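Engineer: Single-letter residue listing:
4 protein chains.
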Amino acid sequence: MTDFFKDIPEIVYEGTDSSNEFAFRHYDPDAQVMGKRLEDQLRFSVAYWHSFAWPGGDPFGGQTFDRPWFGDTMDHAKMKADVAFEMFRILGVPFFCFHDADVRPEGDSFAENTARLQEMTDYFAQKMETSKTKLLWGTANMFTHRRYMAGAATNPDPDVFAFAAATVKTCLDATHQLGGQNYVLWGGREGYETLLNTDLKKEREHAGRFLTMVVDYAKKIGFEGAILVEPKPQEPSKHQYDYDVGTVYSFLKDFGLENEVKMNIEQGHAILAGHSFEHELALAASLGILGSIDMNRNDYQSGWDTDQFPVSVPEVAVAYYEVLKAGGFTTGGTNFDAKIRRQSLDPEDLILAHVGGMDVCAAGLKAAAAMLEDGGLERMRDERYAGWDTSDLLGMDLAAIAEKVEREGINPEPRSGRQERLENWVNRFV
Amino acid sequence: MTDFFKDIPEIVYEGTDSSNEFAFRHYDPDAQVMGKRLEDQLRFSVAYWHSFAWPGGDPFGGQTFDRPWFGDTMDHAKMKADVAFEMFRILGVPFFCFHDADVRPEGDSFAENTARLQEMTDYFAQKMETSKTKLLWGTANMFTHRRYMAGAATNPDPDVFAFAAATVKTCLDATHQLGGQNYVLWGGREGYETLLNTDLKKEREHAGRFLTMVVDYAKKIGFEGAILVEPKPQEPSKHQYDYDVGTVYSFLKDFGLENEVKMNIEQGHAILAGHSFEHELALAASLGILGSIDMNRNDYQSGWDTDQFPVSVPEVAVAYYEVLKAGGFTTGGTNFDAKIRRQSLDPEDLILAHVGGMDVCAAGLKAAAAMLEDGGLERMRDERYAGWDTSDLLGMDLAAIAEKVEREGINPEPRSGRQERLENWVNRFV
Amino acid sequence: MTDFFKDIPEIVYEGTDSSNEFAFRHYDPDAQVMGKRLEDQLRFSVAYWHSFAWPGGDPFGGQTFDRPWFGDTMDHAKMKADVAFEMFRILGVPFFCFHDADVRPEGDSFAENTARLQEMTDYFAQKMETSKTKLLWGTANMFTHRRYMAGAATNPDPDVFAFAAATVKTCLDATHQLGGQNYVLWGGREGYETLLNTDLKKEREHAGRFLTMVVDYAKKIGFEGAILVEPKPQEPSKHQYDYDVGTVYSFLKDFGLENEVKMNIEQGHAILAGHSFEHELALAASLGILGSIDMNRNDYQSGWDTDQFPVSVPEVAVAYYEVLKAGGFTTGGTNFDAKIRRQSLDPEDLILAHVGGMDVCAAGLKAAAAMLEDGGLERMRDERYAGWDTSDLLGMDLAAIAEKVEREGINPEPRSGRQERLENWVNRFV
Amino acid sequence: MTDFFKDIPEIVYEGTDSSNEFAFRHYDPDAQVMGKRLEDQLRFSVAYWHSFAWPGGDPFGGQTFDRPWFGDTMDHAKMKADVAFEMFRILGVPFFCFHDADVRPEGDSFAENTARLQEMTDYFAQKMETSKTKLLWGTANMFTHRRYMAGAATNPDPDVFAFAAATVKTCLDATHQLGGQNYVLWGGREGYETLLNTDLKKEREHAGRFLTMVVDYAKKIGFEGAILVEPKPQEPSKHQYDYDVGTVYSFLKDFGLENEVKMNIEQGHAILAGHSFEHELALAASLGILGSIDMNRNDYQSGWDTDQFPVSVPEVAVAYYEVLKAGGFTTGGTNFDAKIRRQSLDPEDLILAHVGGMDVCAAGLKAAAAMLEDGGLERMRDERYAGWDTSDLLGMDLAAIAEKVEREGINPEPRSGRQERLENWVNRFV
Ligand SMILES: [Co+2]
Ligand SMILES: [Co+2]
Ligand SMILES: [Co+2]
Ligand SMILES: [Co+2]
Ligand SMILES: [Co+2]
Ligand SMILES: [Co+2]
Ligand SMILES: [Co+2]
Ligand SMILES: [Co+2]
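Taken in order, these protein sequences are the chains called A, B, C and D.
When you line the first sequence up against my numbering, it's residues 69 to 498, in that order.
When you line the second sequence up against my numbering, it's residues 69 to 498, in that order.
When you line the third sequence up against my numbering, it's residues 69 to 498, in that order.
When you line the fourth sequence up against my numbering, it's residues 69 to 498, in that order.
FYI, nobody ran anything at the bench for these hints, they're computed from the structure.
Predicted model only: the values in this text are computed from it and were never measured.
Hints are not guaranteed to be accurate.
All copies of an identical chain are treated as equivalent in the list; a pair is satisfied when it fits inside any one copy or across any two copies.
[What the hints assert, rightly or not] As a list, the in silico DSS-like pairs of lysine-lysine whose alpha-carbon atoms are at most 30 Å apart: (1) Lys74 <-> Lys195; (2) Lys393 <-> Lys202; (3) Lys472 <-> Lys104; (4) Lys146 <-> Lys104; (5) Lys306 <-> Lys321; (6) Lys393 <-> Lys269; (7) Lys202 <-> Lys306; (8) Lys306 <-> Lys393; (9) Lys195 <-> Lys269; (10) Lys472 <-> Lys393; (11) Lys472 <-> Lys288; (12) Lys306 <-> Lys200; (13) Lys287 <-> Lys321; (14) Lys321 <-> Lys200; (15) Lys288 <-> Lys306; (16) Lys269 <-> Lys146; (17) Lys287 <-> Lys200; (18) Lys393 <-> Lys321.
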C-alpha cells in the first residue's frame, strides 16, 4: 500500500440525501437497471494516462503535479501501478485502460520497450489477481515519441510504419494476456500538418493495410475482444484521417473491415468534428459499428480537446439513450478519457473528479433507461414515419412515381415536427 | 434586349496594366494553359439563383434588390431569362446552372410546376441557339417550399418523397433536353433539426434508394452527364447527411454508387465542415469522385454559408492545383454559387462581382499550372515517400514485422517535414 | 376571443409528478424563493416578434406557418394582438416585449408608421387594462427594412440616422405610454460587412451620439425605466459594434454613459461571441451594468443565432446564480427571445415551447437560490482569496515589492483550484 | 561563431526572378516606401522563444528538436544567445524580442532568477555592441512556471502577485538597460478555468493595480518606450481578461490608462477572438492605442493558437494598410511571434521560415503603400460618408429630429455598398 490516497475511504453509495463529498449520490452498482446491475450497464473504466502519467502541462506551461512515481525507472512504473490499483479499489471501478507508454518507461530500442512492457504486463497480471478491476482495453501510444511526428501507419518512412506495427503487436499481446475486452487504435498523428508534403492516397492505403494486419493478428492469437477505432477530426494533427464516424466508416468499407472493426466514440471528439455526441452514437449504431465510449466532454468555448469529466446529466442521458437503444454495451464500456484540470493538484481532486463523473453517468443512464422503458419517444417517432409502413414507393422508379404524383395530384401538407414537445418530454426524465 | 445592364460593355481581356474596372486583367479565354484554352480549363458557370432569383434577404432583413423581373408570372420568368442571357453575353461565360424554382414561378400542383418548367426549358433552348452559353448543370430546388421542411428524399412522409422524386424526374428531363453536362443534388433539408424525432437509419436508406433511382433514370433516358452530390455539413438543417466528401463516400459505398456518382465541392461548405477546400478536393480526387466545383468562399469569421465571390489568388491557386493534378475538369467546371452582398444594389455590382471572381480564378489556375509544370512540389513529395518504392512491408504480417524490427534494430530518426520551405516555394508562383 | 388556441387551457402548476403536457412541473408562481414570489423573481416575458410575427423562413426556405393574422392591414395587426394576449393569459406571463415593426404594418412614410404605432399602442393599452401582462420592454426594429441595410445610427447616410432617431423617439413614447419597465437597443445592422467601405471611427462616434440622445430623451419625457443595450458579435452583420459586454462597456465609458445604460444579455449571443452566458452575466454584474436577460439558447453545433427555448436546467441554474448573486432583477426580467422551430407548426407547439422554457427556468432559478442559500460556493471562493484580506501589496510600488520578495524569499507554492470538487458541489443542487 | 547554421549565407535581396531559396524576392531593406527605407517601415523582429527555446512539443507529443543549447546551465544559455545573434545576422533583422525565461535557466528563487537575468542582459548588451539588431521589446514569462498556474497579477494568492510584480520589475530593468523600445505584457494565465472558483471583480482590480504599477515604474526609471498589452481571448486559460482590443480598452478606461498603454496585436489572437486582424488594427487605430504587431497567423481550421509564419500576401497587405494609414510604426514593429512546425527539424527550416515570412510582409506592405498612395479606397470611403460633412443632425435632440423627419418627409433610399467593386480594386494591388 502506498500512502498517496491515505485518508480517502472506499467510495460507497449513500443516495441523493448525502452531502458527503466522498460518496456516490447516484451510482449504486447493484441497482437493477433494464435487467442488469448498474455496474454492468455502465462498465466504468479509468484511463491510466491522464490520471497517472500526465504531469499537468499545457502548450504554455509545464508540470504542475508532484507525484512520487514521476521518473523513468521500472520502480517508478511499479509505484505508479500500485497507486493506480489503489484508486481503482477506492472507486470500485470494474475496468481500466492503458497505453504501453503509460505503464513503462521509454526504452532505447524496440526490444527494450518490449521487455519493459512484458515486465509491467506481468506485474499488472499479478495485481489483477486480487483486484476486481479488469482491462477494458489496451492501446499503443504512437503519437508522443518524436519518431511518430509525421504519422505511425501513415508515415512517409516505412521504418516508422514497421516500428509502429511491431509496437502494436506487443500491445495486442499484452492486452490479450491481461484478458482485455477490446483493443483501441487512435491515430493522433495519422493525418497531416500540410497537404503540400502529403500523399493522401498513399497514406490512406497504408492505414488500410495496417488496420487489416491488426485485425488479422488479433484473430491469429485468438484475441476475442473487439478492435476499435477512435475518431477525432484534428489535434494534434491539423487534419486527421479518422475524422468522425462517417469518415471512418467510409474507410472501413473501402478495406472490407466494416464487420471487423467498431468505434470508440469520445464526446469531445464529436464536438470538435462539429457533431453532437448523440449524433455520432446514433450514426454508429445505425451502421452497426458502435463499440465503446470515452465519456469526457469538451468545453464548448474552447477549440481544442479539453478532456474534462462529464458534469451535465441531461447531456449524458441522451448519449446513454442511444447506447441503451442499441442494446447496451457488450465488450465496450464507459471510459473516462478525462483529466483533472492542471490546477487540481491534490490526491482528493483525482478521486472526486471520478466520483462526480461516475455519479453524473449513473444519473444519466438511469434517466435514459426510464425514457426507454416509458417508450414515449419511440412511439412518437414511429408514428411520424408510419406512412412508410404501407408505402410501395421504394419499389418504383422515378418515372412511375412521377406518373403517380401527377395522376393522384399528390401535394403533401407538412406536419409539425414537435421538437419543443419532445424536448419537454425528455426533461421529465433528466 | 432589356436595358438592365444598359451601358455595360462586353468584358474583354486587357491585361494587368489595365485599370478599367470593366475588363479582365487575368482572364484571357484564349490563352493556352496546360494544352487547353483557359476558357476550357476553367469552364466558368453563372448560378441563376443567386444572381437573378435572390431578393437580398437575410435572417434579419427583407428584400433589398429592386429588379424589374421580380414577380410570379411567366412573363416575369422570361424577362429574368432575357436579363440572365444578357449577363452571360457580357461576361462571355461558357456555362450556367439553374434549379427549377429559379426559372419558373411556383405552381399550385406538380402538374403545373412541370408545365411551367417545360415552357421555360423550351424558352432556354431557343435562347441557347444564339448564345455561346451552355448548361453546366441543372438541379431541383427541394428546400425552399414548406413541403420539404422536414426533408425531401428523407422526409418522414412518403408523399413528400414521391413529390421530390417526381420533381427530380422533371428536372433531369429539362437538364437532358438542354444538353446539361451534369445533374446535381444538394440536400439542404436531408438532415435533421433534432435527433429526438428522427429515424436516422430509415432516412439514410430512403436517401440511398432515392439516389439509386436518380442514377437509374438518368441511364434510362440516355443522359450521359455526371450525377453529382454536393456535400454540406449543416445549414439550413442542424445536421445534414451529406456532411462532407468522406461522409458522402461512405454513403455511396453502402449503396454501391461509388462509380456512378461524383462530387460537386463548394469551398464554403468545406470550411463549414472544418476542412480546407483543397482537402476536400484532394480527398475526392484520391477516391476517384471529383466532379465539379462551386467556387465561392465563406467568410472565416462567420459561422454560416456566406457564398461570396472568391478574392484570394493564393487560396484559389492551391484548389486548382488539386483539380489540375487530377487531370482537370471533364464534365465539371467552375460554378460561382456566389451572391453579391445584399448591399450591392446596382447592376454594375452584379457584373463586377463576376469579373473579379473570374480574374481571381484565372490568376489562380495559371499559378497552379505553373506549379505543376515546374514539378518541384511533386518531386519533393515523391522524395519524401521514396522509401516505400522498395519496401516489402505491405506484404508482411504483424508478427513478421515485429520480428524484423527487433532483429534489424530498426529505430527510425524523424526527417524534416519542410513545411515552411514548401510554403515559400508555392509563394513563388502565386 | 379568437379560436386560435381553442382547446388549450390555462397552464397551472401541478408539480413534478404530473405527466400533463399542459401543466407546469416546476413553475409555481406563488412559491417563495429568496424572499419573493417565484413569478417576481423570474419576471417572464414573451417576445412578440418570434411568436407572432415570424413566418418560419430561414435563409434557404420560406414561410412555414399559416397564421390567420398574417397580412398587412391594421385588422390583421389587431387580430395578432388578440391572439398574443390570449397566449399571455394561457401562460400567465407577467410581461411581454415588442418592436414597432412586430405590431403594426409597415407604412409608406415615417408619419404613417407613427400613426399606426400610436393606434396599436392605444389598442395594447386598452387590452392591458384587463390583462395581468405588463410591458417589460419596447424597442425599435431598425434592421429589417432595406433602408437600414448599412446601419441605422451608424449609416453613412445622415438621412437614415435621422429616420432611425425619429423612429426610436416614437418607440420610446409608446413604451412610456404603456408603462414599459425598460427600453432596449439591439444594433443588428450597427456594424459592417466589409472594412473596405467603413469608417469605423466615424460610425462609432455616431453611435455614441445616438445613444446619448436616447438617454436624454428618456429623461426628458420622464421615462423611469432602464435603457438597455443588447450585445451581439455578428449576424446579420459580419461584425457588430456591440460585440459583447466588455466591448459595449468600453463604448459606454467613452461616451460617459456607464451609469445611464445597462445590458440586456442573451445566452445565444454570449455563445456566438465565444463566451459562456454566465461569463457575460458575471462580467456585467461586476461592472454594475447587468439589466435584463434574453433566455434563449444557441445550438452549440450551429454557427448562427438559433434562438431556441432553454432546455438545460444545469445551464440555466448557473446563469440565475449570477443574477441572484447580483441582487436579482429590478426593472429587468427573463425574456424568451426564442422561436419555435420552423417545423413546429401547431398552436400547441407555441404554448408547449413556452411551458417547457418556463419550467426549465423555474427549476434553474430554484437550484440557484438553493446554492446561494447554502453558501458553500461563496465560502470556498472567499477562502481562496483570503490572503488578500490582510495583504498590503496594493499600496506598494514595483520596486518595493521586488525588494520585499527578495528579502523575504517569497517563493509561493500553488494551491489546488478544486474545479471538479466545485462542479460536484453544483451538481448536488441542479 | 557556432556552426549551427554553418553553410547558410547572409540572406540578400535578389528580386522576384530569383529562384534561390536563401534570398529575398520582395524584401529589399533599402527600397524607399512612403518616405522611409523598407527596413524602417517593417521593423522586423525575431521572437527568441519560439525559435530558440521551444523544444517542439505539443499537447500530444514531446520534444522533436535537437539543439546543442538545450540544457539548464548558463553555458547553454550563452550558446543559445550566440546562435540567436548569428540568425539575426543571417537574416539582417533590425530587432528581436525576449522573455526572461527564454534567455536564462529557471533558478530556485527570485534572487537567483534576477542574478541570471542580469548576467544574460550583460551578455546581450555586449553582443549588441557588434550587432545591428536592437531590442524591440522585452517581457516577463508569467505563464510557464507552475506558480502562475492560477494567474500572475490575478492570482488568488498575493504572494504570487508579489513574485510576478518583482519579476516584471527585473524584466523592465533589463529591457531598459538594453534600450528596448517597448515593454509587452501578455496575460496567458490572467483569466480563469472556471467561474466557480473565480472572483472576477477582484481579479480585474488587481490586474488594474498591477498595470498601473508597471506604468509608474517605467516612468520612474526613465523608460521611454511604450507599454503594450497583447490581447488574446483564451488559451492557455479557458477565458482571458485581455480578450480583444475592445475589451482591453474598456479595462484601460476603467483604470485611467488609455493614454499610457497601447496594444500589441497578433493576427492569430484576433482570429481566435472571432475578429479579422485588420479589424483589431483598425479598432486600435481609431482608439489611438495601436502600438505594435505580432505577425503570425492562425490556421483557420484549428481552434487553437498555431503561431505560424505568414504566407498570404493579400491578408498581410490589408493589415499593413491599417498600420500605414495610422501613420506607420513609431516604437512598434513587425514581430514574428511564430514558430516553425514541430516537424521542421533542420537549421535551414528556421532560416527559411523567416525568409518567407519577411518576403510576404515586404510584398504586403508595398501593396498597402501602393493602395494608400493611389488613394482610391479612401476617396470611395469619403464619398460614402460625404452627407455627414454638411449635416446638422449631431447637434439636435430626438424630438427635433423626429419633427424634421416628419416635416421634410425624409424617407431615404439605400445606396450600394459596392463591396465586390472595392475587393476588385484591392486585388489590383496585391
Ligand atoms: Co479527447
Ligand atoms: Co479518447
Ligand atoms: Co454555399
Ligand atoms: Co453550392
Ligand atoms: Co439571438
Ligand atoms: Co435577444
Ligand atoms: Co499566439
Ligand atoms: Co503574440
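Engineer: Does each hint fit the structure? Answer for all of them.
Structural biologist: We went through each hint and held it up to the structure:
For the homomeric pair Lys74 and Lys195, the shortest alpha-carbon distance inside one copy (19 Å) is at most 30 Å, but the shortest distance between copies (55 Å) is not. When the C-alpha separation of Lys393 and Lys202 is checked against a cutoff of 30 Å, the pair qualifies only within one copy, where the shortest distance is 26 Å, while the shortest distance between copies is 46 Å. In this homomeric assembly, Lys472 and Lys104 never come within 30 Å of each other (Cα to Cα): the closest approach is 51 Å inside a single copy and 47 Å across copies. Within a single copy, Lys146 and Lys104 get their C-alpha atoms no closer than 35 Å, and across copies no closer than 59 Å, so neither meets the 30 Å cut-off.
Proximity of Lys306 to Lys321 under the C-alpha cut-off of 30 Å is found in both arrangements, the shortest distances being 24 Å within a copy and 26 Å between copies. With identical chains, the CA atoms of Lys393 and Lys269 are at most 30 Å apart between copies only, with a shortest distance of 13 Å across copies and 37 Å within one. In this assembly of identical chains, Lys202 and Lys306 lie within 30 Å of each other by CA distance neither inside one copy nor across copies; the values are 35 Å within and 35 Å between. In the homo-oligomer, the alpha carbons of Lys306 and Lys393 lie at most 30 Å apart only across protomers (23 Å), although the nearest pairing inside one protomer, at 35 Å, exceeds that limit.
With identical chains, the CA atoms of Lys195 and Lys269 are never at most 30 Å apart, being 45 Å at best within one copy and 44 Å at best between copies. Taking the shortest Cα distances, Lys472 and Lys393 never come within 30 Å of each other, neither inside one copy (37 Å) nor across copies (46 Å). For a Cα distance limit of 30 Å, the shortest separation of Lys472 from Lys288 across copies, 18 Å, qualifies, whereas the shortest one inside one copy, 56 Å, does not. With identical chains, the CA atoms of Lys306 and Lys200 are never at most 30 Å apart, being 40 Å at best within one copy and 38 Å at best between copies.
For the homomeric pair Lys287 and Lys321, the shortest alpha-carbon distances inside one copy (19 Å) and between copies (26 Å) are both at most 30 Å. Taking the shortest alpha-carbon separations for Lys321 and Lys200, neither the intra-copy value of 38 Å nor the inter-copy value of 44 Å comes in at or below 30 Å. Taking the shortest alpha-carbon separations for Lys288 and Lys306, neither the intra-copy value of 35 Å nor the inter-copy value of 44 Å comes in at or below 30 Å. With identical chains, the CA atoms of Lys269 and Lys146 are never at most 30 Å apart, being 43 Å at best within one copy and 46 Å at best between copies.
In this assembly of identical chains, the alpha carbons of Lys287 and Lys200 lie at most 30 Å apart only when taken from the same copy (27 Å versus 62 Å across copies). Both within a single protomer and between protomers do Lys393 and Lys321 lie at most 30 Å apart by alpha-carbon distance, with minima of 24 Å and 26 Å respectively.
Consistency note: the structure conflicts with the earlier hints numbered 3, 4, 7, 9, 10, 12, 14, 15, 16.
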